[in-house]
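Chemist: Note that the sequence shown covers residues -24 to -1, 1 to 82 in mature numbering (1 follows the signal peptide of the UniProt record, and there is no 0).
Treat the hints with care, as some may be off.
[Claimed, not checked] Calculated lysine-lysine pairs in the BS3-like style (CA-CA distance at most 27 Å, straight line):
| id | residue 1 | residue 2 |
| --- | --- | --- |
| 1 | Lys41 | Lys77 |
| 2 | Lys51 | Lys33 |
| 3 | Lys51 | Lys15 |
| 4 | Lys74 | Lys51 |
| 5 | Lys24 | Lys77 |
Read the hints as simulated data drawn from the structure, not as lab findings. Bear in mind that the values here come from a model prediction, so they are computed numbers and not experimental data.
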Amino acid sequence: MRVQMRVGAMLLALLLATTMEAHATNVCLASNSLCGTCKTTSVCATCKDPTRAMVDKSTGRCRLKTCTELDGRCKSCEADAPSVCAECWSEFDMVNPKTGKCDVPS
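All chains should be modelled from the sequences, with the hints used to inform the complete structure.
Modeler: This is how it looks when you write it as C-alpha cells:
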C-alpha cells in the first residue's frame, strides 16, 4: 500500500512539474512575440529569427537588432527605423535604399 502511495505521489509531482513548465513557457512566449524558446516565465532563451532579433541581456526579452548590429559597416541608424542604416563608416560605401545596408556603389 505504501509503495502504491509513494508511486502515486511521484506521478502527481511529475505531472505538476510538467504542467508548470508548460505554463511558464506559454507565459514567456505570449509576452514576447519575437521569443522562440524560454528560460523562465519572463526570460527568453532564444529568438525566433536570430538573424533579425537578439535576447536583450538587461531585460531577458527578444528585440530587433539595430542597423549597427546587422551591418558592421553602418555608422548610424535611421531614427524612425532603427534597423535601417542612415550613414556608413567608409566614404566609399553608400546606404543601399533597397536593403538599408552599406554597399560599395557599382
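Chemist: Compare the structure with each hint and give your call.
Modeler: How the hints compare with the structure:
no.	hint	in the structure
1	Lys41 / Lys77	holds, 13 Å
2	Lys51 / Lys33	holds, 23 Å
3	Lys51 / Lys15	violated, 33 Å
4	Lys74 / Lys51	holds, 18 Å
5	Lys24 / Lys77	holds, 22 Å
Taken one by one, the earlier hints fail for this structure only at number 3.
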